[in-house]
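K.L.:
Chain by chain, the residues:
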Amino acid sequence: MFQINQERNQLVVTKLIEHFGYAIVRNEVISDMLCISVDKEVISDVLLFLRDENELKFNFLTTLCGMHYPDIQELGVVYHLHSFENNHRIRIKTTTDLDNPTIPTATSVWPTANWMERETYDFYGIIFEGHPNLVRILNMDEMTDFPMRKDFPLEDQTREDKDDSMFGR
Amino acid sequence: MSENRNTRIPPTVTEPPEGISGQGFFATSFEKAVGLARKNSLWPLPFATSCCGIEFMATMGANYDLARFGSERLSFSPRQSDLLMVMGTVAKKMGPVLREIYIQMAEPKWVIAVGACAASGGIFDTYSVLQGIDRIIPVDVYVPGCPPRPEQIIDGIIKIQELAGNESLRRRNSQGYEDLMKKYNME
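One line per chain: the protein sequences are A and B, in this order. The opening position of the first sequence corresponds to residue 0 in numbering that gives the first Met the number 0, with each subsequent residue numbered one higher. The opening position of the second sequence corresponds to residue 0 in numbering that gives the first Met the number 0, with each subsequent residue numbered one higher.
Simulated from the structure, these hints should not be mistaken for lab results. Take the hints with a grain of salt, since some may be wrong.
[Claimed, not checked] Between beta-carbon pairs, the in silico distance windows are:
1) B:Ile122 <-> A:Phe83: 38 to 48 Å
2) B:Ile157 <-> A:Tyr68: 50 to 60 Å
3) B:Asn62 <-> A:Phe151: 19 to 29 Å
[What the hints assert, rightly or not] Capping the alpha-carbon separation at 20 Å, the derived lysine to any residue pairs in SDA-like fashion look like this:
4) B:Lys92 <-> A:Lys92
5) B:Lys91 <-> A:Leu137
6) B:Lys181 <-> B:Val96
7) B:Lys92 <-> A:Gln156
8) B:Lys92 <-> A:Lys39
9) A:Lys92 <-> A:Ile126
10) B:Lys92 <-> A:Glu118
11) B:Lys92 <-> A:Asn138
12) B:Lys92 <-> A:Glu84
13) B:Lys92 <-> A:Tyr123
14) B:Lys92 <-> A:Arg158
Virtual Cβ for every residue (Gly too), placed ideally from N, Cα, C.
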């Protein structure tokens, strides 16, 4: 649980809208944390701005991971940012088409994004443009699927010892 | 206590195979003598990846003491071991490693799959887990359980001993064995 810091939240939103205008699609507080949706065209600039802006100073990328919305045929990425100096955390979200899932890389802003983006590529198939080494990190290299997508079957399809009528396949 | 200390406990001896014995000599077939030696001096290579490995540690420990059955010496080099003990979940990414270890072992070699995961993938019916190690290497004995108790693992080892003791010296050169290896794309 995080303390909601209304003042700082407002500051972040104001500054972002001031600089990026309509590229800031939506902002709301979900589960105690400010969550901002950003157009993917400006995501690199937004992240860089949040890191370097004098009053914001989000110096730390806590984590980054993929999302899949099968209903609207979209993939997305969520970034968790943390400002040590201001003791403030926010989330940034951006989405992309399922057919051409590309998102600009964040490795130029935070080098730690390197492995996180590889993992996101591994499990969701999101292609991070500009990533120095976008190959699978956890799964087998021979794998062709992206197993965390919602349409990927939960159970291993090669297993023969399970009775379909009992296990509902 | 003092009584026990003075009582000499006879060392455990193994049952002799069929043969002819007389005063000062015992004669049996070469095959049986070799089988006797092999079965009572198995060098296991533990391939422990998860909780079944913990049960194996108990099996090697003083309470259960696998050394009683001639498996005193664990080998952590595949080149100097006879028995590959696979204990625990094997991820698909780990599969080629396990296969390589099996290939590196010298003949004759045996494999025991301890626990539900090694035998069938267990509860991990998912994309990342190998659904039983017999998909990549041949297995001689399966020990069921999640995880199995040390007694069960010992029972599995005794089953391996029976196989090792009764195995024909020519088995590893037979057509059947060659076909088995071909099935697993080895040699």
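K.L.:
Where does the structure disagree with the numbered hints, that is, which hint numbers, in rising order?
P.N.:
Of the numbered hints, 3, 4, 8 and 12 do not hold.
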